[in-house]
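Keeping their order, the protein sequence lines are chains A and B. For the first sequence, my numbering begins at 20 and goes up steadily by one. For the second sequence, my numbering begins at 20 and goes up steadily by one.
Derived by calculation from the structure, the hints in this document are not laboratory data. Do not rely on the hints blindly, as some may be mistaken.
For chains that are exact copies, the list does not tell them apart, and a pair is met inside one copy or across any two.
[To be verified] Only pairs whose alpha carbons sit at most 27 Å apart, straight line, appear in this in silico BS3-like list of lysine-lysine:
{"#": "1", "residue 1": "Lys213", "residue 2": "Lys169"}
{"#": "2", "residue 1": "Lys253", "residue 2": "Lys206"}
{"#": "3", "residue 1": "Lys341", "residue 2": "Lys112"}
{"#": "4", "residue 1": "Lys204", "residue 2": "Lys96"}
{"#": "5", "residue 1": "Lys154", "residue 2": "Lys271"}
{"#": "6", "residue 1": "Lys206", "residue 2": "Lys96"}
{"#": "7", "residue 1": "Lys277", "residue 2": "Lys154"}
{"#": "8", "residue 1": "Lys22", "residue 2": "Lys68"}
{"#": "9", "residue 1": "Lys154", "residue 2": "Lys272"}
{"#": "10", "residue 1": "Lys341", "residue 2": "Lys263"}
{"#": "11", "residue 1": "Lys112", "residue 2": "Lys96"}
{"#": "12", "residue 1": "Lys169", "residue 2": "Lys206"}
{"#": "13", "residue 1": "Lys253", "residue 2": "Lys263"}
{"#": "14", "residue 1": "Lys263", "residue 2": "Lys279"}
{"#": "15", "residue 1": "Lys212", "residue 2": "Lys96"}
{"#": "16", "residue 1": "Lys253", "residue 2": "Lys169"}
{"#": "17", "residue 1": "Lys332", "residue 2": "Lys22"}
Protein chains: 2
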Amino acid sequence: MMKIAVDATGGDYYPQNPVSGAVLAVNENDDITAVLTGPESEIRKELEKHDYPEGRIILQDAPEIIGMDESPAQAVKNKPRSSIVVGLGMHQKGAVDGFVSAGNTGALLAASAFILGRLDGVIRPTIATFYPTVKGLGLMIDAGANLEVKPEMLYQFGVMGNIFARDIMGIETPRVGLLNVGEEKEKGSETLKKAHVLLQALPNFIGNLEGRDILSGQADVFVCDGITGNILLKFGESIPDALKMLLMGVIKKRQLDKEKAGLVISLLEEAFTPFDYQRVGGVPFLGVNGISMVGHGGSSPVAIKNMIYNAVKMAESNINKKIVASVA
Amino acid sequence: MMKIAVDATGGDYYPQNPVSGAVLAVNENDDITAVLTGPESEIRKELEKHDYPEGRIILQDAPEIIGMDESPAQAVKNKPRSSIVVGLGMHQKGAVDGFVSAGNTGALLAASAFILGRLDGVIRPTIATFYPTVKGLGLMIDAGANLEVKPEMLYQFGVMGNIFARDIMGIETPRVGLLNVGEEKEKGSETLKKAHVLLQALPNFIGNLEGRDILSGQADVFVCDGITGNILLKFGESIPDALKMLLMGVIKKRQLDKEKAGLVISLLEEAFTPFDYQRVGGVPFLGVNGISMVGHGGSSPVAIKNMIYNAVKMAESNINKKIVASVA
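So here's chain A without its partners, still in its complex pose (with noise of 0.2 Å):
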């Protein structure tokens, strides 16, 4: 039985689809108990409109809330009794085998990194990010957590990210690239020229990559900073909606009917499902002494109940006792 303990304040619509997710997780797999950290009489509330196996849920109250906006830090240090904080005290204690939020991304890295500490030889913690790529999802690694790296940290990336996309996305050999502004190893920052050549020690390192290289799908993992990652990563999410607009404006112009405007709309929405961040159940924390995914503001129950999976996964891979060994 795996226990995996989930904020049912996290996101933009809690305590509903944190607690709408457990309740699938639970319904759909025998080997999983959800324990939901939040406010308890509001969250027995939502739970009662729910059928799940007794005693698969269990409640665990955390009457603070840390708001989407709070400075992360301090919110982890003043709300101690906040569902993050009391969520991932259970994991560090070993009560839980992980624990999912769909939160503020911020307090989580920090509450993270301060309650769980680091991994044995791991500089950093680092987030990682799904990437929409025309040949399915990569993983883009960092993704806002380290602004400022230094080659050891990116080929730390590198190796975490090459043990995710294996183990938990099912990759059996990940390609891992490392994003630069030209193909040739002698290109980039000093930062990037010296770990093009420390992530030369993994077996499947297949070079730099350039940005025309992401959306084509030329690698499985995709290795750079915190500040290139994060404007990638919501540069991704802003393509679906401003491609509408052009193309919304190609069909005025054109006249279009409403029958043929409607088609055109419809297999661009299609074509965009890779793109659909509410699809994708939760990114995880990786280099932290447990297992802690985030997911986006707007996760729907089922990406809750995905990023569970996920945390079931990364705990039953025993991802961390991997990454330990690859980086010591």
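Keeping the supplied structure of chain A fixed, place chain B upon it in accordance with the hints.
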């Protein structure tokens, strides 16, 4: 009369496209004379295919050719009789008012900085690039010239980009923004935080921008380091092909008939017009003591012509005097 030197051996389609572009420019505009630099007999042969007003196209022999993949610094040093070195040398001596090329960007940057020198007060010359948004073209600066930046450099990129957007792109009061991981001024690396403070001296600085603000056109000038800018530039160029591939997958899956599939593809292609780099007439090196522009290797004759016009516009607007006054 404005005299512009045109690299007749630059780009993927030389001497045809540079020669055609120069011919288009002098035929369309009585105030322009073009000086074609390259192997004289080869250029003369190409030129004989065209009609143009006598004396308005001049040949300047430059028998050495710098390849697209040559090491920039080496190429400039070892090939003093190349079209790039000869053309920029003429400009430095005052024989022409500007130089344009669709050749090796790295070699052009190195040669422009080395032969023309820096403008007074400019820390580092930079390369800007046009960027498509739903509101029209924006300017991204730096696009790959400076991979390691200081806050003062980012500030100067903002100042130079602002002047270029206003005087050459014709945007009355350009909105200048700093690409970052969050909107709040305390977000980002130490370099970005300090750059934010410096940029506040620009009355039209609108603050930090996130990745989602680029395609949506939340600014006219996007200030960033050369790694971020270069990755975003090439990422942007890759969007049309990636989206076409995703859409073709949906068209196939839904078994659309030829007529409907053709309609969708043609709409998409029209929507992607802003992403067509061949339409845009080159981008400037800013901060060098002269007018030097570079176009995409695949530049069409019309793109070369537009690049010549932009060089004329830069020379006529005294952009460099304004930059010197603004960074002083």
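Quiz prompt | Copy assignment of Lys332 with Lys22, given that the CA separation must stay at most 27 Å | solution = within (12 Å within a copy, 67 Å between copies)
What label fits Lys112 with Lys96 when the C-alpha limit is 27 Å: within, between, both, or neither? Within. Shortest intra-copy distance 18 Å satisfies the 27 Å Cα cut-off; inter-copy 65 Å does not.
How do Lys154 and Lys271 come out at 27 Å by Cα distance, when the copy is not named: within, between, both, or neither?
between (32 Å within a copy, 16 Å between copies)
Check your understanding: For Lys154 vs Lys272, is the C-alpha pair at or below 27 Å within one copy, between two copies, both, or neither?
Key -> between (33 Å within a copy, 16 Å between copies)
Note to self: As a check of your reading, is Lys213 near Lys169 (CA-CA no more than 27 Å) within one copy, between copies, both or neither?
What the structure shows: Close inside one copy (9 Å) and across copies (20 Å); limit 27 Å.
key: Intra- versus inter-subunit Cα pairing at 27 Å for Lys204 with Lys96   = Between copies only: 22 Å across chains, 44 Å inside a chain, cut-off 27 Å.
### Message
Reference check for the pair Lys253 and Lys169, CA-CA at most 27 Å: within, between, both, or neither?
### Response
Answer is both: 23 Å inside a copy and 24 Å across each meet the 27 Å cutoff.
- Query: Between Lys253 and Lys263, at a C-alpha cutoff of 27 Å, which is it: within one copy, between copies, both, or neither?
  - Reply: both (17 Å within a copy, 21 Å between copies)
Original post:
27 Å Cα cut-off: does Lys263 pair with Lys279 within a copy, between copies, both or neither?
Top reply: For Lys263 and Lys279, the Cα distance is within 27 Å both inside one copy (15 Å) and across copies (18 Å).
- Alpha-carbon proximity context of Lys169 and Lys206, limit 27 Å: both (16 Å within a copy, 20 Å between copies)
When no copy is named, should Lys212 and Lys96 be tagged within, between, both, or neither for a Cα gap of at most 27 Å? between (38 Å within a copy, 24 Å between copies)
As a check of your reading, is Lys253 near Lys206 (CA-CA no more than 27 Å) within one copy, between copies, both or neither? both (26 Å within a copy, 15 Å between copies)
Checked against the numbered hints above, the structure breaks only hint 10 and satisfies the rest.
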